[in-house]
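> One-letter residues, chain by chain:
Number of protein chains: 2
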Amino acid sequence: MALDLAPVLSRVEGDFDGAVSRLCDFLRIPSVGTDPAYDAETKRCAEWLAAQLRDIGMEASVRPTPGQPVVVAHDTSAPEGAPHLLYYGHYDVQPADPLELWETPPFEPSLVEGPRGTRVVARGAVDDKGQVMTIVEALRAWKAEHGRLPCRVTVFVEGEEESSSRNLVPFLEANRDELKADVCVISDTNMLGVDEPAITYMLRGMVYNEVTLHGPAVDLHSGMYGGAVPNPINELCRILGQLHDGQGRVQVPGFYDDVQEIAEEEARAWQQIAFDEKAFLASVGLDRSVGEEGRTVLERVWSRPTCDVNGIWGGYQGEGSKTVIAAKASAKLSCRLVPNQDPQKIRAGLRRFFEERTPPGCRIEVTEMGAGAAIRVPTDSPWLAGARRGIEDAFGKPPAMIGCGGSIPVAAAMQRVLGLDTLLVGFGLDDDRVHSPNEKFELACYRKGIRTHAAMLLRMAEAQR
Amino acid sequence: MALDLAPVLSRVEGDFDGAVSRLCDFLRIPSVGTDPAYDAETKRCAEWLAAQLRDIGMEASVRPTPGQPVVVAHDTSAPEGAPHLLYYGHYDVQPADPLELWETPPFEPSLVEGPRGTRVVARGAVDDKGQVMTIVEALRAWKAEHGRLPCRVTVFVEGEEESSSRNLVPFLEANRDELKADVCVISDTNMLGVDEPAITYMLRGMVYNEVTLHGPAVDLHSGMYGGAVPNPINELCRILGQLHDGQGRVQVPGFYDDVQEIAEEEARAWQQIAFDEKAFLASVGLDRSVGEEGRTVLERVWSRPTCDVNGIWGGYQGEGSKTVIAAKASAKLSCRLVPNQDPQKIRAGLRRFFEERTPPGCRIEVTEMGAGAAIRVPTDSPWLAGARRGIEDAFGKPPAMIGCGGSIPVAAAMQRVLGLDTLLVGFGLDDDRVHSPNEKFELACYRKGIRTHAAMLLRMAEAQR
Numbered sequence: 001m002a003l004d005l006a007p008v009l010s011r012v013e014g015d016f017d018g019a020v021s022r023l024c025d026f027l028r029i030p031s032v033g034t035d036p037a038y039d040a041e042t043k044r045c046a047e048w049l050a051a052q053l054r055d056i057g058m059e060a061s062v063r064p065t066p067g068q069p070v071v072v073a074h075d076t077s078a079p080e081g082a083p084h085l086l087y088y089g090h091y092d093v094q095p096a097d098p099l100e101l102w103e104t105p106p107f108e109p110s111l112v113e114g115p116r117g118t119r120v121v122a123r124g125a126v127d128d129k130g131q132v133m134t135i136v137e138a139l140r141a142w143k144a145e146h147g148r149l150p151c152r153v154t155v156f157v158e159g160e161e162e163s164s165s166r167n168l169v170p171f172l173e174a175n176r177d178e179l180k181a182d183v184c185v186i187s188d189t190n191m192l193g194v195d196e197p198a199i200t201y202m203l204r205g206m207v208y209n210e211v212t213l214h215g216p217a218v219d220l221h222s223g224m225y226g227g228a229v230p231n232p233i234n235e236l237c238r239i240l241g242q243l244h245d246g247q248g249r250v251q252v253p254g255f256y257d258d259v260q261e262i263a264e265e266e267a268r269a270w271q272q273i274a275f276d277e278k279a280f281l282a283s284v285g286l287d288r289s290v291g292e293e294g295r296t297v298l299e300r301v302w303s304r305p306t307c308d309v310n311g312i313w314g315g316y317q318g319e320g321s322k323t324v325i326a327a328k329a330s331a332k333l334s335c336r337l338v339p340n341q342d343p344q345k346i347r348a349g350l351r352r353f354f355e356e357r358t359p360p361g362c363r364i365e366v367t368e369m370g371a372g373a374a375i376r377v378p379t380d381s382p383w384l385a386g387a388r389r390g391i392e393d394a395f396g397k398p399p400a401m402i403g404c405g406g407s408i409p410v411a412a413a414m415q416r417v418l419g420l421d422t423l424l425v426g427f428g429l430d431d432d433r434v435h436s437p438n439e440k441f442e443l444a445c446y447r448k449g450i451r452t453h454a455a456m457l458l459r460m461a462e463a464q465r
Numbered sequence: 001m002a003l004d005l006a007p008v009l010s011r012v013e014g015d016f017d018g019a020v021s022r023l024c025d026f027l028r029i030p031s032v033g034t035d036p037a038y039d040a041e042t043k044r045c046a047e048w049l050a051a052q053l054r055d056i057g058m059e060a061s062v063r064p065t066p067g068q069p070v071v072v073a074h075d076t077s078a079p080e081g082a083p084h085l086l087y088y089g090h091y092d093v094q095p096a097d098p099l100e101l102w103e104t105p106p107f108e109p110s111l112v113e114g115p116r117g118t119r120v121v122a123r124g125a126v127d128d129k130g131q132v133m134t135i136v137e138a139l140r141a142w143k144a145e146h147g148r149l150p151c152r153v154t155v156f157v158e159g160e161e162e163s164s165s166r167n168l169v170p171f172l173e174a175n176r177d178e179l180k181a182d183v184c185v186i187s188d189t190n191m192l193g194v195d196e197p198a199i200t201y202m203l204r205g206m207v208y209n210e211v212t213l214h215g216p217a218v219d220l221h222s223g224m225y226g227g228a229v230p231n232p233i234n235e236l237c238r239i240l241g242q243l244h245d246g247q248g249r250v251q252v253p254g255f256y257d258d259v260q261e262i263a264e265e266e267a268r269a270w271q272q273i274a275f276d277e278k279a280f281l282a283s284v285g286l287d288r289s290v291g292e293e294g295r296t297v298l299e300r301v302w303s304r305p306t307c308d309v310n311g312i313w314g315g316y317q318g319e320g321s322k323t324v325i326a327a328k329a330s331a332k333l334s335c336r337l338v339p340n341q342d343p344q345k346i347r348a349g350l351r352r353f354f355e356e357r358t359p360p361g362c363r364i365e366v367t368e369m370g371a372g373a374a375i376r377v378p379t380d381s382p383w384l385a386g387a388r389r390g391i392e393d394a395f396g397k398p399p400a401m402i403g404c405g406g407s408i409p410v411a412a413a414m415q416r417v418l419g420l421d422t423l424l425v426g427f428g429l430d431d432d433r434v435h436s437p438n439e440k441f442e443l444a445c446y447r448k449g450i451r452t453h454a455a456m457l458l459r460m461a462e463a464q465r
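Protein chains in written order, with UniProt numbering: chain A, 1 to 465; chain B, 1 to 465.
Hint data in this document are derived by calculation from the structure and do not stem from the laboratory. Nothing here was measured: the structure is a model prediction, and the numbers come from that model. Check each hint, because a few of them may be wrong.
When chains are identical, the list treats them as one kind, so a pair holds in a single copy or across two.
Here are the simulated lysine to any residue pairs, SDA-like style, with alpha carbons at most 25 Å apart [unchecked claim]:
(1) K278 with I364
(2) K328 with N438
(3) K278 with A174
(4) K397 with A444
(5) K180 with T65
(6) K180 with G57
(7) K43 with E299
(8) K143 with E173
(9) K328 with E277
(10) K345 with G396
(11) K43 with E319
(12) K43 with V20
(13) K43 with D276
(14) K143 with D430
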């Protein structure tokens with residue numbers, strides 16, 4: 001018996017208020033996986049999600065790891081021979097600081113009116129809980145309407161994506177058989193606009209480090225010692241200030257050796273994309289793009305590698321003045337990588353960069369905190385056609401094929417460990433303020449995301465036939 | 001009737017335990033004048049000191065200012081025609097952070113054994129409470145022994161020296177007549193060793209700024225925006241990293257224009273000074289001096305100007321990783337000045353330095369937090385002879401004439417407003433850890449300091465006759 005999409009989509013419409021309510025419940029749990037202070041809440045969040053999946057008739061469990069637990073759920077109700085989709089998401093969220101800049105509390109989801117209708121504002125609204133719920137609610141609608149899914153489905157939701165997914169690969173390796181599937185689907189990327197759907201086929205990779213430059217053994221009085229001793233803050237600034245030349249090119253040794261230039265037709269396709277550069281920059285208070293010379297904004301964000309200092313601290317930061325020469329200064333920094341940069345070579349380049357510049361009297365300490373290669377998803381994959389049709393069902397138009405400046409290291413892991421390609425079909429918007437205060441998810445995007453996943457489930461099954 | 005020094009010195013010896021006990025009482029009051037959270041304690045400290053001065057028979061009062069109060073005490077018991085000495089000190093102390101590095105609590109003075117005998121360990125032990133008490137206890141011994149002092153004396157102790165003495169000059173100007181004197185005496189500098197007394201005749205000046213570089217309007221996701229936007233932390237590092245060239249010379253425009261080279265005979269005299277360069281550096285974990293090329297350590301610290309970043313912060317500083325591009329980055333920095341640099345010209349040079357380097361898309365915000373010129377005290381002053389003799393009485397040898405890398409802006413204020421030269425006779429040691437955790441004052445230095453001031457009171461009176 002053919003499974004009909006139309007009543008599923010009607011059910012999605014009819015139960016949308018419930019879907020919003022359940023998303024808010026999800027958002028209320030402060031699952032800051034990167035911070036041990038929130039461990040109990042993070043675990044509670046995993047339990048909540050597993051219970052939701054059980055409620056819709058899937059076999060779900062919360063599985064321990066050395067770090068945050070993983071939620072794994074299976075559904076085998078699909079007809080014989082149906083394809084097997086592995087959905088990946090993460091239930092952990094970024095820290096909410098700086099708290100004083102939130103207009104509503106980060107873990108009390110608020111429905112706020114905006115230029116595109118109502119949005120839900122909370123930490124994790126779009127990254128990644130709102131997007132995870134587009135999948136869960138689509139599965140719910142299919143199961144409620146037809147009692148079964150068109151595809152075999154595994155849902156895999158981890159709790160450490162924001163802290164480098166350090167236990168992901170060991171878990172995938174240990175559970176390879178259980179996690180067999182035909183393709184991976186991830187909703188953690190953006191559309192070009194609320195009516196401009198997209199499939200992301202390029203993701204940047206990442207290398208994340210923390211460095212500390214040590215100088216004198218103790219903090220010093222800057223009168224008594226100033227001028228005669230190395231100042232670790234001055235020196236660390238000098239070193240970090242040399243990360244880029246005057247044309248915005250990163251000076252880490254070997255940085256660009258393996259960088260693959262995009263093809264001409266790709267560059268031409270990108271110029272056709274409905275990307276509003278001015279609005280992209282204006283929405284964050286900038287009137288111009290600043291970066292690597294000779295590159296468009298999309299190239300700077302999608303196909304060129306970067307090196308950003310994410311945090312810096314040292315010496316006296318309090319009220320008033322203190323005339324100190326700090327014993328040490330520290331920074332967190334990360335590089336976004338593109339195909340085919342090798343994260344290990346970049347790590348080695350960074351180490352060399354710092355060691356070559358460590359001045360006399362100082363000692364550099366480098367802590368490596370995570371690394372993952374960039375991804376290109378093959379656009380001739382048989383599953384892509386189903387994804388494209390599902391988007392056309394939900395949006396009435398085909399998706400743009402876009403890159404993404406962010407990193408989803410799990411896509412590389414899925415390929416390497418489980419042999420899966422990944423369809424990156426996401427519903428976020430560029431102004432959602434991910435990793436910033438007042439993160440949001442448009443309810444219009446949430447609704448369309450649920451519809452898209454509902455449609456994709458059918459179209460992926462059809463695509464295989 | 002001539003006033004005899006010997007019994008005064010005996011009394012100092014006999015009451016030394018009491019002097020130590022009173023110093024500890026002084027140290028127990030956490031008078032962190034720079035931090036509003038300690039305002040009540042800072043005021044209580046002023047009251048304590050005024051009470052001590054009243055106890056020894058001086059007319060003392062705590063005088064309000066827009067900020068921390070000033071303690072002023074007078075004694076006119078001296079014979080007709082005796083010189084009038086104005087002692088200056090400060091009862092406020094530096095913040096104690098980082099607290100975790102103190103071996104004993106910063107405001108619970110501890111008597112600890114060390115290589116030179118017992119030292120008292122507490123914030124303010126030497127900067128400046130221990131040194132203030134060398135004066136108070138000398139006055140106490142004279143009054144207790146003879147009922148009068150050999151000189152007319154004013155004691156002036158403020159509560160804002162560690163926060164740029166912003167209410168000092170207005171107070172001096174408003175009370176010019178009351179504060180008339182012949183010479184100012186300050187004990188806030190160092191000796192060369194526990195048996196190596198010194199008079200400081202050069203002090204560096206200071207300019208202190210805070211800068212903030214603003215970029216995007218909000219914190220940004222470093223994947224979504226990285227490569228296409230200015231990163232204020234990277235940019236601030238680049239700017240601060242340009243403060244010095246490869247030879248350690250400060251690149252602020254006009255920085256060295258008015259710098260006076262020391263005279264040849266001065267340079268020769270400095271080479272004779274018993275300064276142990278290796279020990280000076282080794283005591284803070286360094287095996288070599290790093291600074292302006294072609295200059296000795298004493299030149300680098302006494303006669304050459306500097307620019308040190310005292311604190312820096314921006315972005316994510318917590319546990320784990322956060323892939324953010326911060327909206328802004330900040331730093332506190334200060335320049336030590338030498339004769340005849342003009343603090344206002346240096347401030348203007350710093351503004352220009354930052355404005356010239358502010359990149360597109362960013363905005364620099366400069367907050368000026370204090371400025372004072374360097375000082376040279378005339379070595380042919382009639383009062384110096386009395387000071388030298390007093391030191392010889394107490395130490396059995398004449399003092400070395402030394403510079404000081406630190407700043408005591410009040411010395412410039414005393415000259416400018418009250419027309420007074422300043423005798424800088426101090427009893428600290430280089431390893432006292434001023435402005436650092438575990439600040440200390442050797443009891444041997446304390447004792448000799450009291451004896452020195454006791455002797456100086458007589459010798460200054462004699463010097464005038």
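> Is it within, between, both or neither when you check K345 against G396 at 25 Å Cα-Cα?
neither (44 Å within a copy, 67 Å between copies)
> At 25 Å max between alpha carbons, let me know whether K43 reaches D276 within a copy, between copies, both or neither.
neither (40 Å within a copy, 60 Å between copies)
> One pair to classify: K143 and D430, alpha carbons no more than 25 Å apart. Within, between, both, or neither?
neither (32 Å within a copy, 77 Å between copies)
> Given identical chains, is K328 near E277, meaning Cα to Cα at most 25 Å, within a copy, between copies, both, or neither?
Result: close only across copies, 22 Å inter versus 40 Å intra.
> Pop the pair K43 and E299 into one bin, within, between, both or neither, using alpha-carbon distances up to 25 Å.
neither (39 Å within a copy, 61 Å between copies)
> Given identical chains, is K397 near A444, meaning Cα to Cα at most 25 Å, within a copy, between copies, both, or neither?
So K397 and A444 pass the 25 Å test inside one copy only (16 Å; across, 87 Å).
> Which holds for K180 with T65 at a C-alpha limit of 25 Å: within a copy, between copies, both or neither?
For K180 and T65, the Cα distance is within 25 Å only inside one copy (19 Å; across copies 76 Å).
> With identical chains, the pair K143 and E173 could be close in the same copy or across copies; at 25 Å between alpha carbons, which is it: within, between, both, or neither?
neither (30 Å within a copy, 85 Å between copies)
> Treating 25 Å as the Cα threshold, decide for K43 and V20: within, between, both or neither.
within (22 Å within a copy, 57 Å between copies)
> Should K43 paired with E319 be assigned to within, between, both, or neither, using CA atoms and 25 Å as the limit?
The answer is between: 19 Å across copies meets 25 Å, while 38 Å in one copy does not.
> Please sort K328 with N438 into within, between, both or neither, judging by C-alpha distance up to 25 Å.
For K328 and N438, the Cα distance is within 25 Å only across copies (18 Å; inside one copy 34 Å).
> If the cutoff is 25 Å on CA atoms, where do K180 and G57 land: within, between, both or neither? Let me know, please.
Result: close within a single copy only, 20 Å intra versus 92 Å inter.
In terms of the numbered hints stated before, the structure departs from hints 3, 7, 8, 10, 13, 14, listed from lowest to highest.
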